[in-house]
Amino acid sequence: MERAVSEIKKAEELYSLESRTFLESTGIYHFPLFCYLVDCGFNASIINPIITHSTKNGNIRKVKNDKIDSKGIAKLGLSKDIPVSQFPAKLVLELRSLTRKYYDLTDERSAHINKLKGDLHTVFPQYLDVFCDVTGKTLSTMILRQYGTPDKILRGHKKTMIEKISKASRKGLAKASERYEKLCAAANAAKTFGCQIDSIYFNIFLTLDLVEKLDSALDSILNRIRQLITFNKNEKFIQQIKLLNTIPGVGFLTAVTIMCEIGDFSAFRNPKQLFAYFGLDPEVNESGKFVGTQLHMSKRGSRIARRAIFAVALASIRTKRNGEGINPYLRKYYELKSGQKPKMVAIGAVMHKVCNIVFAVLRDEKAFELRSPEEHCKQYQRPALAAA
1 MERAVSEIKK AEELYSLESR TFLESTGIYH FPLFCYLVDC GFNASIINPI
51 ITHSTKNGNI RKVKNDKIDS KGIAKLGLSK DIPVSQFPAK LVLELRSLTR
101 KYYDLTDERS AHINKLKGDL HTVFPQYLDV FCDVTGKTLS TMILRQYGTP
151 DKILRGHKKT MIEKISKASR KGLAKASERY EKLCAAANAA KTFGCQIDSI
201 YFNIFLTLDL VEKLDSALDS ILNRIRQLIT FNKNEKFIQQ IKLLNTIPGV
251 GFLTAVTIMC EIGDFSAFRN PKQLFAYFGL DPEVNESGKF VGTQLHMSKR
301 GSRIARRAIF AVALASIRTK RNGEGINPYL RKYYELKSGQ KPKMVAIGAV
351 MHKVCNIVFA VLRDEKAFEL RSPEEHCKQY QRPALAAA
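Residue 144 in our numbering is what sits at position 144 of the sequence shown, and the numbering runs on without skipping anything.
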């Protein structure tokens, strides 16, 4: 690498020109080289693989090697309007790595819980009807660890078990007695309809340990995120996270995730660009007079960002205990769309609205204000009338 850097600098001096280096985004492999070139003072840029793949059919012969790929990337770099990826700041990279790890561990935890439910369905089928949350940190986990098999539940001391259930569930003895009777009925049924395999019980206890370790890891990630945000509270990026947190349905982790996936908001000029960056824009399939109607999301953006926007859309159309929507206008919009289109299509439309809200909050650098569409149109028309 030192020799390559030396040769490039010699060429710059010889021709009195500044070199530009382009790297194809290849997961994690381009990252160390990119950092090295930037530290050496070079003007380095990253190109999306979708763009570099467009040079594959430039030759009739079917030949692929590093030399041809490098020449193709170099030819793309000669174009003045070649779109390149922006390299985020260090704070963004740190928070992004933490949020993505959080979602990875969350998915792993869900997989272990599904496996736990499958094992319980084999040896203790009716247990899933007694406890809706099989990994509850108090009640269900206590029962599985202390009375893990139907035989142990039936042999357990009734009064002691009721007291433990009452203490773990924080309910009265009457409610605990009802839960105990259901548990005993499930244990009796499991002795008739259930495969008593000792190794599966061992797997159940092992899965419980893994879930607890994952819960601990998730808590440590959240604490690390909060520490970084507190330490960098005066940064503009952190202020943007706080602005997103004012939107109904956007929690702390979701706000951090969306901003980390956006990176530098100044790169977006309108809401449609942000919508396309998340991969939420529809595919276009047209040829001549043919216009495709079965369109889907392009999904060419960040999977984590789409996941976060989807969670915000679901939270926005939820209702409170009094029946009022978290965001009543989005709730009404969803009900209107779901009456005409499938529900997932209606949620996709709500996600588009959410992207518009995110863009407006970050553009205006103001906290979210709940307005009706009519009020919003009036405020939009006032500057136009004043200009006229």
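Keep in mind that a hint or two might mislead.
[What the hints assert, rightly or not] With a straight-line cut-off of 35 Å between C-alpha atoms, the simulated DSBU-like cross-links for lysine-lysine are:
id, residue 1, residue 2
1, Lys-213, Lys-272
2, Lys-158, Lys-242
3, Lys-64, Lys-80
4, Lys-272, Lys-101
5, Lys-191, Lys-236
6, Lys-164, Lys-175
7, Lys-75, Lys-272
8, Lys-158, Lys-233
9, Lys-233, Lys-191
10, Lys-164, Lys-332
11, Lys-101, Lys-378
12, Lys-137, Lys-213
13, Lys-9, Lys-56
14, Lys-236, Lys-167
15, Lys-171, Lys-213
16, Lys-213, Lys-56
17, Lys-236, Lys-299
18, Lys-378, Lys-320
19, Lys-299, Lys-62
20, Lys-90, Lys-117
21, Lys-115, Lys-213
22, Lys-299, Lys-320
23, Lys-242, Lys-90
24, Lys-115, Lys-158
25, Lys-90, Lys-158
26, Lys-236, Lys-115
27, Lys-117, Lys-299
28, Lys-117, Lys-233
29, Lys-115, Lys-10
30, Lys-67, Lys-56
31, Lys-175, Lys-213
32, Lys-101, Lys-62
33, Lys-233, Lys-175
34, Lys-332, Lys-343
[Unchecked claim] What follows is a list of derived Cβ distance ranges for each label pair:
id, residue 1, residue 2, range
35, Glu-374, Gly-323, 32 to 38 Å
36, Asn-48, Lys-137, 40 to 46 Å
37, Met-1, Ala-74, 27 to 33 Å
38, Met-142, Asn-322, 21 to 27 Å
39, Asp-219, Lys-117, 51 to 57 Å
40, Arg-321, Asn-48, 43 to 49 Å
Hints in this document: simulated from the structure, not taken from any laboratory. Note that CB positions come from ideal geometry on N, CA and C, so glycine has one too.
For each hint, the structure was consulted:
1. Between Lys-213 and Lys-272 the CA atoms are separated by roughly 41 Å; this puts the pair beyond 35 Å, and the hint is violated.
2. Pair hint Lys-158 plus Lys-242 does not hold up; C-alpha atoms about 51 Å apart against a cutoff of 35 Å.
3. The straight-line distance between the Cα atoms of Lys-64 and Lys-80 is roughly 26 Å, inside the 35 Å bound, and the hint therefore holds.
4. Of the supplied pair hints, the one linking Lys-272 and Lys-101 holds, its CA atoms being roughly 28 Å apart against a limit of 35 Å.
5. Distance hint between Lys-191 and Lys-236 is unfulfilled; the C-alpha atoms sit about 62 Å from each other, more than 35 Å.
6. This hinted pair checks out: Lys-164 and Lys-175 have alpha carbons roughly 12 Å apart, not beyond 35 Å.
7. The suggested pairing of Lys-75 with Lys-272 holds, with an alpha-carbon distance near 29 Å, which does not exceed 35 Å.
8. Pair hint Lys-158 plus Lys-233 does not hold up; C-alpha atoms about 54 Å apart against a cutoff of 35 Å.
9. The hinted pair formed by Lys-233 and Lys-191 fails the criterion: a straight-line CA distance of about 58 Å is larger than 35 Å.
10. For the hint pairing Lys-164 with Lys-332, the CA-to-CA distance comes to about 46 Å; that exceeds 35 Å, so the pair is violated.
11. Between Lys-101 and Lys-378 the CA atoms are separated by roughly 44 Å; this puts the pair beyond 35 Å, and the hint is violated.
12. With a CA separation close to 12 Å, the supplied pair Lys-137 and Lys-213 stays within the 35 Å bound.
13. For the proposed pair Lys-9 and Lys-56, the alpha carbon gap of about 30 Å is at most 35 Å, so the pair holds.
14. A threshold of 35 Å between alpha carbons decides the hint, and for Lys-236 with Lys-167 the separation of about 47 Å lies outside it, so the pair is violated.
15. The hinted pair formed by Lys-171 and Lys-213 meets the criterion: a straight-line CA distance of about 28 Å does not exceed 35 Å.
16. Of the pairs offered as hints, the one joining Lys-213 and Lys-56 is violated, with about 46 Å between alpha carbons and a cut-off of 35 Å exceeded.
17. Taking the CA atoms of Lys-236 and Lys-299, the gap is near 29 Å; set against the 35 Å cutoff, the hint holds.
18. Taking the CA atoms of Lys-378 and Lys-320, the gap is about 29 Å. The hint holds against a cut of 35 Å.
19. This hinted pair checks out: Lys-299 and Lys-62 have alpha carbons roughly 29 Å apart, not beyond 35 Å.
20. Of the pairs offered as hints, the one joining Lys-90 and Lys-117 is violated, with about 41 Å between alpha carbons and a cut-off of 35 Å exceeded.
21. The hinted pair formed by Lys-115 and Lys-213 meets the criterion: a straight-line CA distance of about 16 Å does not exceed 35 Å.
22. Proposed proximity of Lys-299 and Lys-320 is supported: the alpha carbons are some 31 Å apart, at most 35 Å.
23. A distance of roughly 19 Å separates the Cα atoms of Lys-242 and Lys-90; the hinted pair therefore holds under the 35 Å criterion.
24. The straight-line distance between the Cα atoms of Lys-115 and Lys-158 is roughly 30 Å, inside the 35 Å bound, and the hint therefore holds.
25. Proximity of Lys-90 to Lys-158 is assessed by CA-CA distance (about 58 Å); at most 35 Å being required, the pair is judged violated.
26. A distance of roughly 43 Å separates the Cα atoms of Lys-236 and Lys-115; the hinted pair therefore is violated under the 35 Å criterion.
27. Restraint check for Lys-117 and Lys-299: satisfied, since their Cα atoms lie roughly 31 Å apart, inside the 35 Å limit.
28. For the suggested pair Lys-117 and Lys-233, the alpha carbons sit about 42 Å apart, so the restraint of at most 35 Å is broken.
29. A hinted pair counts as satisfied when its Cα atoms are at most 35 Å apart, and Lys-115 with Lys-10 does not qualify at roughly 60 Å.
30. With a C-alpha separation of about 12 Å, the suggested pairing of Lys-67 with Lys-56 holds against the 35 Å cut-off.
31. For the given pair, Lys-175 sits about 31 Å from Lys-213 by alpha-carbon distance, which is consistent with the 35 Å threshold.
32. Only pairs whose Cα atoms come within 35 Å are accepted, and Lys-101 paired with Lys-62 is rejected, the gap being roughly 39 Å.
33. Restraint check for Lys-233 and Lys-175: not satisfied, since their Cα atoms lie roughly 47 Å apart, outside the 35 Å limit.
34. With a CA separation close to 14 Å, the supplied pair Lys-332 and Lys-343 stays within the 35 Å bound.
35. At about 22 Å, the CB distance of Glu-374 to Gly-323 disagrees with the hint of 32 to 38 Å.
36. Take Asn-48 and Lys-137: their Cβ atoms lie about 43 Å apart, and the range 40 to 46 Å holds.
37. A hinted range of 27 to 33 Å for the beta carbons of Met-1 and Ala-74 is inconsistent with their spacing of about 18 Å.
38. The hinted range of 21 to 27 Å is not satisfied by Met-142 and Asn-322, whose Cβ atoms lie roughly 35 Å apart.
39. A C-beta distance of roughly 23 Å is found between Asp-219 and Lys-117, which places it outside the suggested range of 51 to 57 Å.
40. Look at Arg-321 against Asn-48: about 46 Å separates their beta carbons, and that is inside 43 to 49 Å.
Comparing the model with each numbered hint stated earlier shows that hints 1, 2, 5, 8, 9, 10, 11, 14, 16, 20, 25, 26, 28, 29, 32, 33, 35, 37, 38, 39 do not hold.
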